[in-house]
Amino acid sequence: MGKIEDLEVINGEGYQLTTLDKAVALARANSVWPLPFATSCCGIEFMATMGSMYDLSRFGMERMSFTPRQSDLLIVAGTISKKLAPVLQKVYEQMAEPKWVLSVGACASSGGIFDTYSVLQGIDRIIPVDVYVPGCPPRPEQIIDGVMNIHRLVKHEPMRRRYSEEYRHLLGNYEIEVTNADNDK
Amino acid sequence: MTNNTLLDALQVQLGSKIITSEVLYDTLVIEISPAEAFGVIELLKNDADLSFNFLTLIGAVHYPEEKGRELCVVYHMHSWKNAIRLRIKCYLSQENPSIKSLTPLFDGANWQERETFDFFGVNFEGHPNMTRILNMDEMDYHPMLKQYHLEDGTREDKDDRFFGR
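Sequence lines, in order, name chains Z and S. Mapping of the first sequence onto our numbering: position 55 corresponds to residue 55, and the numbering continues sequentially without gaps. Mapping of the second sequence onto our numbering: position 125 corresponds to residue 125, and the numbering continues sequentially without gaps.
Chain S with its partners taken away, still in its complex shape (with noise of 0.2 Å):
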């Protein structure tokens, strides 16, 4: 199966599900409204030609100066059957960064929605333990949100010109 091949497969499937789709990096990426995320992820799970049977990654980016849609989520899947890989986006708000859990689908997407809640604090619905991992409890904030310094807040001793800023 090809990218082509597969998205045509996929047109057949989703339809007008598909906002956007394009080639980046040899892997087929499709944008999918957030509401229909899990929907559209379990059809291509149980889809028995499609059969994307493996979570490879759950992750977010950060984009602060596209007004609505800030918070990308992004989903990897991996076909084993038909040895090829899929890249899913969301785009959510920084208003309202909600998406259900793909915890029902997917056991091993537990410990990367909390991840990517810890790190861009998506609230994934439905999750069973919706809380950091990483990062310690204390925390405040979610550092990967680009209005955050990376640099630790208590430093003295560091000067920028010696970190490349």
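Next up, chain Z with everything else stripped away, as it sits in the complex (with noise of 0.2 Å):
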């Protein structure tokens, strides 16, 4: 219970209450399940950021998952080319709601210096962003600093986010349908 002092809570004698959005998002946040899709340099500083030196399983993200069925966040490090494009989108499509896409490095994020046919000027023309992290390649501080605002953002989503028509409209502008779209009914 760590970082339950950013919550909004009444203490009482013997227990505690805040909202269920907060707690939910307490519990999210906390325990984001990362999915490197590192291609290039900036996957390297990744490795280093996972590393015990710089040790990202301190903020509850312990576990790699390399398949998007169970992972929370998509870390995109390096050059996307336009060749790797669908294959990327496809995974983003894979992951379960609610998910985070963070972007490392200048590639990532606008293709950097591959001003080239073959390379995608960046991964937001493909999938929606939440946090981009500038950089060629950026330090391992850089992307834990990264990673911290995707906990930020978590932290302070609502629950109700992912069913609302605004969240769709988003979607709908990458021709990404939102994979629980039912439950809304």
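Keep in mind that the hints were calculated from the coordinates and are not lab data. Accuracy of the hints is not assured; some may be wrong.
[What the hints assert, rightly or not] Facing chain S, according to a computed beta carbon distance under 10 Å, are these residues of chain Z, among others:
id, residue
1, L84
2, G111
3, I113
4, T116
5, Y117
6, G122
7, K155
[As the list claims (entries may be wrong)] The calculated DSS-like cross-link candidates involving lysine-lysine, where the alpha carbons are at most 25 Å apart (straight line), are:
id, chain 1, residue 1, chain 2, residue 2
8, S, K146, S, K67
9, Z, K83, S, K146
10, S, K89, S, K100
11, S, K67, S, K45
12, Z, K22, Z, K155
13, Z, K82, S, K158
14, S, K158, Z, K83
15, Z, K99, Z, K83
16, S, K89, S, K146
17, S, K45, S, K81
18, S, K146, Z, K82
19, Z, K99, Z, K155
No residue lacks a Cβ here, since even glycine has one placed at the ideal position from N, Cα and C.
Two independent chains are provided; combine them into the complex using the hints.
Below, the structure is given as structure tokens:
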């Protein structure tokens, strides 16, 4: 219960009251399972971030999930070529809601130095991105900063957001269907 | 074997099939007409003395200003026995960029010819699977031809000044 002080709570004798939204968001934020989609040098920096020196597991991210079905956070680190773009979009579609995307480095965010015909000019052309980490490649400290910004988003996300019309509209811009749309009814 | 003795040996074998010859960067370069390329490479491979048994590379160069010979297909051959390399150039026209595939001679030619097709649009006749290999299948042009821009056509936030252009 290390971070309970972030929440608005009512303390009583032997109990503590808060809203379900906030309790769930707290649980989600401290157990984000990332899917590392690493293609190049940003991926090496991300490996350092996962390693014992920088130790991403301090943030409840011990387990890298190499299946999109069981992950909450898609970490795209590296150059995405146009040929790889449909693969990345498919991986994103296969993730269960709620899901977040962290774009690590210049290439994933904008195509970076690869101003060329074969490289996707930013992954936000095919999937919605929550947090961008600048750098070429970014230091592990920057990646951790990006992860903590994701945590901040997760902590303040209302539980109904993923069922909202706005969210469906957002994914509609990328021609992606909301996977849990049926729960809405 | 040196470049000079190799050229002498080639002239005995090929005679007038060698259109030009020169030594560039310590390697002998000969030009052959595209129609004869397959036969020449087959001969170089099977000849017991020359024994150019290894096809190092197939590539192409685009010279848009040279009318009628815009595309140059380059073969790099290596003779392990004689420890010497040879470059063979064949010039094709933009209108009909076709040359016979080397896949019956070297299995390794398969992917290299697909790559050359992908980037330059050279059609290798008789290739078992003449399709793109590296670029995405939806691409509708051959990007290394010089009439096409190197930049991504959909870019929005990049300034030529920052890319040395």
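| task | State the violated hints by number, sorted upward, taking the hints as numbered earlier in the document. | result | 7 and 11
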